[in-house]
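Please arrange chain D on chain U, whose structure you already have, making use of the hints.
Quick mapping for you: the protein sequence lines, in order, are chains U and D.
Anchor point for the first sequence: position 416 equals 445 in the numbering used here, and the numbering is continuous, going up by one each time.
Anchor point for the second sequence: position 12 equals 15 in the numbering used here, and the numbering is continuous, going up by one each time.
The hints are simulated quantities; they were obtained by calculation from the structure and are not laboratory data.
The beta carbon of each residue, even a glycine, is placed where N, CA and C say it ideally should be.
A portion of the hints provided could be inaccurate.
Stretch by stretch, here's where chain D covers chain U in the computed footprint (C-beta under 8 angstroms, at least three residues) [unchecked claim]:
no., segment
1, 82-92
2, 269-278
3, 319-332
4, 414-426
5, 616-625
Computed spacing ranges between beta-carbons, pair by pair [unchecked claim]:
no., chain 1, residue 1, chain 2, residue 2, range
6, D, Val68, U, Ser355, 49 to 55 angstroms
7, U, Asp247, D, Pro41, 24 to 30 angstroms
8, D, Ala26, U, Leu593, 16 to 22 angstroms
9, U, Gln351, D, Ile21, 53 to 59 angstroms
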Amino acid sequence: MSQFTLNLIFIGASFALYIGIAIWARAGSTAEFYAANRGVSPVMNGMATAADWMSAASFISMAGLIAFTGYDNSTYLMGWTGGYVLLALLLAPYLRKFGKFTVPEFIGDRFYSRTARIIGVVCLLIISITYVIGQMTGVGVTFSRYLAVSNSTGLWIGAALVFCYAVLGGMKGITYTQVAQYVVLIIAYTIPAIFIALQLTGHVLPQTGLFGSLAGGDTKFLTKLDQVVTDLGFANYTGHHKSTLDMVLFTLALMIGTAGLPHVIIRFFTVPKVSDARSSAGWALVFIALLYTVAPAVGAMSRFNLTTTMWPGAAEGETFSQPAVSLDQIDNAPELEWMRNWQVTGLLGWEDKNGDGLIQYYNDKGEPSEALAATIAEQNLQGNELPTVNNDIMVLANPEIANLPGWVIAIVAAGGLAAALSTAAGLLLAISGAVSHDLVKGWLAPEISEKGELMAARISMAVSILVATILGLNPPGFAAQTVALAFGLAASSIFPVLMMGIFSTRINKQGAIWGMLAGILSTLIYIFTYKGWFFIAGTNMLEDTAANWLFGISPASFGVIGALINFGVAYLVSNATEEPPVEVVELVESIRIPRGAGTATHH
Amino acid sequence: MSDRQSSNAYWRANIRIIWICIAIWALVSYGFGIILRPLVSGIPVGGSDLGFWFAQQGSILVFIVLIFWYAARMNRLDREHGVEE
Numbered sequence: 030m031s032q033f034t035l036n037l038i039f040i041g042a043s044f045a046l047y048i049g050i051a052i053w054a055r056a057g058s059t060a061e062f063y064a065a066n067r068g069v070s071p072v073m074n075g076m077a078t079a080a081d082w083m084s085a086a087s088f089i090s091m092a093g094l095i096a097f098t099g100y101d102n103s104t105y106l107m108g109w110t111g112g113y114v115l116l117a118l119l120l121a122p123y124l125r126k127f128g129k130f131t132v133p134e135f136i137g138d139r140f141y142s143r144t145a146r147i148i149g150v151v152c153l154l155i156i157s158i159t160y161v162i163g164q165m166t167g168v169g170v171t172f173s174r175y176l177a178v179s180n181s182t183g184l185w186i187g188a189a190l191v192f193c194y195a196v197l198g199g200m201k202g203i204t205y206t207q208v209a210q211y212v213v214l215i216i217a218y219t220i221p222a223i224f225i226a227l228q229l230t231g232h233v234l235p236q237t238g239l240f241g242s243l244a245g246g247d248t249k250f251l252t253k254l255d256q257v258v259t260d261l262g263f264a265n266y267t268g269h270h271k272s273t274l275d276m277v278l279f280t281l282a283l284m285i286g287t288a289g290l291p292h293v294i295i296r297f298f299t300v301p302k303v304s305d306a307r308s309s310a311g312w313a314l315v316f317i318a319l320l321y322t323v324a325p326a327v328g329a330m331s332r333f334n335l336t337t338t339m340w341p342g343a344a345e346g347e348t349f350s351q352p353a354v355s356l357d358q359i360d361n362a363p364e365l366e367w368m369r370n371w372q373v374t375g376l377l378g379w380e381d382k383n384g385d386g387l388i389q390y391y392n393d394k395g396e397p398s399e400a401l402a403a404t405i406a407e408q409n410l411q412g413n414e415l416p417t418v419n420n421d422i423m424v425l426a427n428p429e430i431a432n433l434p435g436w437v438i439a440i441v442a443a444g445g446l447a448a449a450l451s452t453a454a455g456l457l458l459a460i461s462g463a464v465s466h467d468l469v470k471g472w473l474a475p476e477i478s479e480k481g482e483l484m485a486a487r488i489s490m491a492v493s494i495l496v497a498t499i500l501g502l503n504p505p506g507f508a509a510q511t512v513a514l515a516f517g518l519a520a521s522s523i524f525p526v527l528m529m530g531i532f533s534t535r536i537n538k539q540g541a542i543w544g545m546l547a548g549i550l551s552t553l554i555y556i557f558t559y560k561g562w563f564f565i566a567g568t569n570m571l572e573d574t575a576a577n578w579l580f581g582i583s584p585a586s587f588g589v590i591g592a593l594i595n596f597g598v599a600y601l602v603s604n605a606t607e608e609p610p611v612e613v614v615e616l617v618e619s620i621r622i623p624r625g626a627g628t629a630t631h632h
Numbered sequence: 004m005s006d007r008q009s010s011n012a013y014w015r016a017n018i019r020i021i022w023i024c025i026a027i028w029a030l031v032s033y034g035f036g037i038i039l040r041p042l043v044s045g046i047p048v049g050g051s052d053l054g055f056w057f058a059q060q061g062s063i064l065v066f067i068v069l070i071f072w073y074a075a076r077m078n079r080l081d082r083e084h085g086v087e088e
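This is chain U alone, in the form it adopts within the complex (with noise of 0.2 angstroms):
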């Protein structure tokens, strides 16, 4: 059977899967639309809010930024599970007991103020729609690369299928396509990760592979891969190069961000009680991490297949043992046809600079080993002879380094397109639902029945979805920024007014506009003075680099201090203004005890 039909088959029975169920949990009610009807066990919503987190950029693209990068970029692992400690601590426990539907109507309910609410509206669409347009692109390159359909066919058809599952079911229907789509994606992630930690270290956790010993010696895993990539002049793998400040600034930004994120705040307004809230974030963390853990040992040992692939001597003994792989082999080893592969897609090239039929592998940037040197000088090196390594090659090629059969290779497309559209559908029912209730029902048309409300979300879904698709179609400048813009403005404005919301009763409406204005300015500022306004290429105040940035914070760590400047704000004009009415204080006593949680559904 060819590949093609392989991917066809599981790609089509996947979705098959999703429609299913997509008829199967059909909304009837508002309360179904925009929360499942405060229905789904905890255990459930826990894998739901770990498809709905995980995206394509998690499937895809973390393992190569870990696996290129080394110990600095432990930062997203942390960073990004972090949060869900937050979430359950400060955030999800609260937000379920108050017992509405949307992130920016607490915003408004809590602050006694339309204004507030709208401007929380605002940040939850800036965040959402920077989001989805990456999870759309997603949709529609893995499609072309195992379908062989163009680009935008592949979105299309991507968008029709959130179509069914969202408009029809609502936070209902994407809950459970969301299991549905979590159990494909984590079978696609960890198969090839297993084969893999088996062949190198004789382990079957990757988890502890990465720290166990080559197969077949005693030589740590580890430490012969700082020793293969320092023999080639790169930065040693566990080694710490970065800033201090900064990396503890950028997973602190990530690490709040996650929490503000509107898209998983909604997740835990589904589940029935507010201890099944604080129960469900551990979950939900215990079915990311199945990822996240596995995702460093196929970073490091796809680092280390790729490396070796390249110096076949450095597998066994000394990196410049053997010569380079030859120009001959990548054409024609059948072992290497995922080489030739990935090269039409671009995300591999080599080029043989100095014409000796081989092609070397090594960083020409830094400053070089000895041996390096020697080597370099022998074998007449014009520079580094594979420039193109693209980071999601690491995950995408996985099964086919490892020489895996087709069905894997079939199951990673279908798991990769899992994880962009279940992250998508959660986004696009952040966004309509603060279009038809914050928007519509709560400013435009407060008068609408019950059944005009879900006639407006499921329009506003349908909308939703179409311009999502547009712009993942022509992706904007700012699309490429999300872990800046999303991250950036969710730490500085949700995060901080949801937090004092609950633990103060002192800040009130003023405090709270003032603050996130003052908290999303300043993120912004900063981000557009290093980025270019707007992300505009070339209206960059200041160059992108590490000795222009403000004590050495990155644009993408700013969310940190946006929202020190958001509390600092908020405290200030609380105090020097009146204090929130009586209803409001008994509001944020109420929330902050669980019981009487289950009447808050009925209202």
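Same frame as chain U, but now just chain D:
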């Protein structure tokens, strides 16, 4: 009035538990994983050191334990103060 007092005691106890969790959360990630890594670099773990392990794996495992511990501790606290659902 007694309700208000009990809920104040409940809230204070909750805040104390949150601080304990936040301290552990920060210690394993920002502490052992990043800032204190040079201090614990003498402890070898599988070809690297303890700080590397915490940064790539250990902190995530601690986060999971921490959330379930908090959830269980809070369930007990809810019952002690009679505010459970």
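Inset, instruction - Can you take a look at whether the segment 616-625 of chain U is actually covered by chain D? Rule is 3+ residues, C-beta closer than 8 angstroms. - result: holds (count 6)
Legend entry - Coverage of the segment 414-426 of chain U by chain D, judged on three or more residues with CB within 8 angstroms: It is violated, with 0 qualifying residues against the three required.
Inset, instruction - Given the range 16 to 22 angstroms, decide if the beta-carbon distance of Ala26(D) to Leu593(U) lies inside it. - result: holds, 19 angstroms
Inset, instruction - Please test the hint of 53 to 59 angstroms on the beta carbon pair from Gln351(U) and Ile21(D). - result: holds, 57 angstroms
Inset, instruction - Please count how many residues of the segment 82-92 of chain U have a CB within 8 angstroms of a CB from chain D and say whether that reaches 3. - result: Not satisfied, violated; 0 residues make the cut.
Inset, instruction - Test coverage of the segment 269-278 of chain U by chain D using CB-CB distances below 8 angstroms; three residues minimum. - result: Contact hint for the segment 269-278 of chain U vs chain D: holds, 4 residues under 8 angstroms.
Legend entry - Range hint 49 to 55 angstroms (beta carbons of Val68(D) and Ser355(U)) holds or violated: Since Val68(D) and Ser355(U) have Cβ atoms about 51 angstroms apart, the given range 49 to 55 angstroms holds.
Legend entry - Pairwise beta carbon distance, Asp247(U) to Pro41(D), judged against the given window 24 to 30 angstroms: Holds: the Cβ-Cβ distance is about 27 angstroms, inside 24 to 30 angstroms.
Legend entry - Coverage of the segment 319-332 of chain U by chain D (three or more Cβ within 8 angstroms): Answer holds; 3 residues pass the 8 angstroms Cβ test.
Violated hints for the displayed structure, listed by number in ascending order: 1, 4.
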